[in-house]
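K.L.:
Here's the letter readout for the chains.
There are 2 protein chains.
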Amino acid sequence: MKKEPYTFPLEEFVSKEDFNKIKKFSHDKETPFLIVDLQKIERSYDELVEHMRFAKIHYALKANPMDEVVLVLKNKGSNFDAATVYELDQLLRLGVEPERISYGNTIKKEKDIAYAYEKGVRLFVTDSESDLKKLARKAPGSRVFFRILTESEGADWPLSRKFGAHPDLIYQLILKTQKLGLEPYGLSFHVGSQQRDIGQWDNAISKCKYLYVAAAEKGIHLKMINLGGGFPAKYQAQAHDLETYAKEIRRFLLEDFGEKLPEIIIEPGRSMVADAGIIVSEVIMISKKARFNQYKWVYLDIGKFGGLIETLDECIKYPIFCDKKGCAEEVILAGPTCDSMDILYEHRKYSFPHTMKEGNRVYIFTTGAYTQSCSCVGFNGFPPLRSYLI
Amino acid sequence: MKKEPYTFPLEEFVSKEDFNKIKKFSHDKETPFLIVDLQKIERSYDELVEHMRFAKIHYALKANPMDEVVLVLKNKGSNFDAATVYELDQLLRLGVEPERISYGNTIKKEKDIAYAYEKGVRLFVTDSESDLKKLARKAPGSRVFFRILTESEGADWPLSRKFGAHPDLIYQLILKTQKLGLEPYGLSFHVGSQQRDIGQWDNAISKCKYLYVAAAEKGIHLKMINLGGGFPAKYQAQAHDLETYAKEIRRFLLEDFGEKLPEIIIEPGRSMVADAGIIVSEVIMISKKARFNQYKWVYLDIGKFGGLIETLDECIKYPIFCDKKGCAEEVILAGPTCDSMDILYEHRKYSFPHTMKEGNRVYIFTTGAYTQSCSCVGFNGFPPLRSYLI
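Keeping their order, the protein sequence lines are chains A and B. Each number in the working numbering comes from the position in the first sequence (counting from 1) with 16 added on. Each number in the working numbering comes from the position in the second sequence (counting from 1) with 16 added on.
If we strip away everything but chain A, and leave its shape as in the complex, we get (with noise of 0.2 Å):
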């Protein structure tokens, strides 16, 4: 075993004094719990719009639905993007206009859309003809944007396959949408989430340039790129900071489309959101398996099932600290419940204070996104993840 002495980067995720305030606010608490920092949320809204002042924002409302949460950004002057009927609900309800609403989830039932659009949402994503029609039927007029199948390498957490088509396919639908009806309004596409290589902007932002071109051939002038997100958050893994992210994309998109862009939305989810928060979790266990196990398990109060579905395959590798001094100990992490799909990481070694002991806390970093909206409603009988705002 090596004897170094645990390190943990601290002051990349918070700083002293807000950590300090957080132990200080935590600490009378039940764990697990999550908290969220509008103010941290703020902080990335304006730095996105400084860096990105060519795009619209529209914040991708499922990596972070809290009401407190959509009300900042709302303020702010955000613009939004549903994934659902539900969502929808949940914007109007806090006083979103339907203008500043787009409905990006390219499954869609008939009456849900029927629904939308009364409701005055007029901008939908589609990928087939199947809901390009159904737009037809019950959001006649409608701006129309198609999302493009791109590939998700480099990216944490992909997003391939299931969404969009290929080009070819898309601009068959742009050249049905006008006698349908609908105004082909734009493209989008989604690099994966948690998309560590630039390039794959620039690939996929080639692929809309030559549909562009395409469909202007045909009279059809588009107006329109949606980039989706996929601008990264800070985990374990390295990447590059939103500026370098932010001069990249918009020199890619000078390259192919020249000093006039087209109107350029783009929807950040994760990269709003996720370093807002912090879950603050309890040791229940640590064990061995037997008397000479190379590695401890260290079991917390909060897993798969209680907000961190993301750990799956180890996908998402969350920041985690533990406040005591030792040396460095690699262990295998694990959740509280009788499930054994619910370990945390075991092929990634994540190291800790020989000292940690059941009951200490740990902190786990860059949990603001995909946590608790994604915490079961009762399996094991253990509650959906309580949050707090501060």
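Just so you know, these hints were derived from the structure itself, not from any lab. Watch out, some of these pointers could steer you wrong.
Note that the list lumps identical chains together, so a pair holds whenever it fits in one copy or between two copies.
[Said to hold, decoys possible] List time: in silico DMTMM-like cross-link candidates among lysine to aspartate or glutamate, alpha-carbon distance up to 25 Å:
#  : residue 1 : residue 2
1  : Lys154    : Glu46
2  : Lys365    : Asp329
3  : Lys45     : Asp62
4  : Lys305    : Glu233
5  : Lys234    : Glu279
6  : Lys312    : Glu145
7  : Lys305    : Glu167
8  : Lys127    : Asp53
9  : Lys45     : Asp128
10 : Lys192    : Asp105
11 : Lys341    : Glu20
We have chain A; now place chain B onto it with these hints.
P.N.:
Showing chain B alone in chain A's frame:
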């Protein structure tokens, strides 16, 4: 494309009469939802009692924790296995006496042990020194059984690694137990959920015998073996019937322990309730990704986040029926959320009639276990899975 007619062995899962009842009951209800047939659970219980008269049944609540399911089994005389204090609270609220409850999770907070003890629970599982000492402090005099680590080869949903310890370590724990003021009561193992290889029980029972003898040599006479669960439900993959399991397991026990069997406990979860559940879902969209795609994509209004989490890695292959006639056509099946992970079956191809249309209903059988309680609180805004009892 093969032009064989679409077939589905409907009567393996539900009688024609019952299926008509279910269609009548459900036709005006908005999908998706789960229907749980309580009489079927009663029959499963009776069948289990009939075939395994040598065993005491502790229903593993986590498989389906609906109050009505618990009450039916309580009235039948079942005992229960609770995974958490939350499940314990539910059982007590429903009038189950603490003597009928085992605390079957090896991962326990000290305060939760104290709580269970205070409520009258006296039977606990353990697999580590740390947990054993917590039990000694907070549940003095209780009966303790030790979970042995087993391989889950042959299980559709493996449960290895995370729970149990090697027999050698368990032996050390057994020797310490009396000195700590606890009663070393028995051994347990779990061969993995939906275990289709009966021989796995033989391996595990042999390990128990070995430990029984070793403990007896030190004057410690264990009294119980908990065979866990793992008895299969009826999914797509073939499995033997319960009678065969029961006969074989009894034979393994007799071979190792002779006619004077120790007290035998079983913890069925899935096998008790899975067959009693049917999820009714609607086809939202059928689409192609390219002009000459080999497979259509069929999107249902339920997916991994809405209750079908066990389709992860396509582990559990639910039987899915579409009540239409036509040629069999293989498709890719996906769920309704904006997450690419939410694909149900892509490698294993499911066949449906080529006439299947958007808006048609499909019936997903054997969904009474690990569905409703595993649905997310609100991913993509979708509410948790609704359920009805019949």
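K.L.:
The structure should be examined with respect to each hint, and the outcome stated for every one.
P.N.:
Going down the list of hints, with the structure as the test:
1. In this assembly of identical chains, Lys154 and Glu46 lie within 25 Å of each other by CA distance solely across copies; the values are 20 Å between and 48 Å within a copy.
2. Taking the shortest alpha-carbon separations for Lys365 and Asp329, both the intra-copy value of 13 Å and the inter-copy value of 22 Å come in at or below 25 Å.
3. For the identical chains of this complex, Lys45 and Asp62 are neighbours neither inside a copy (31 Å) nor across copies (45 Å), given an alpha-carbon limit of 25 Å.
4. With identical chains, the CA atoms of Lys305 and Glu233 are at most 25 Å apart between copies only, with a shortest distance of 24 Å across copies and 68 Å within one.
5. Taking the shortest Cα distances, Lys234 and Glu279 sit within 25 Å of each other inside one copy (20 Å), while across copies they are farther apart (80 Å).
6. Taking identical chains as interchangeable, the C-alpha atoms of Lys312 and Glu145 lie at most 25 Å apart only when they sit on different chains, with a minimum of 13 Å there against 54 Å within one chain.
7. For the homomeric pair Lys305 and Glu167, the shortest alpha-carbon distance between copies (13 Å) is at most 25 Å, but the shortest distance inside one copy (41 Å) is not.
8. Within a single copy, Lys127 and Asp53 get their C-alpha atoms no closer than 37 Å, and across copies no closer than 30 Å, so neither meets the 25 Å cut-off.
9. For the identical chains of this complex, Lys45 and Asp128 are inter-copy neighbours only, at 16 Å across copies versus 40 Å inside a copy, given an alpha-carbon limit of 25 Å.
10. Taking the shortest alpha-carbon separations for Lys192 and Asp105, neither the intra-copy value of 31 Å nor the inter-copy value of 59 Å comes in at or below 25 Å.
11. Taking identical chains as interchangeable, the C-alpha atoms of Lys341 and Glu20 lie at most 25 Å apart only when both belong to the same chain, with a minimum of 11 Å there against 67 Å between chains.
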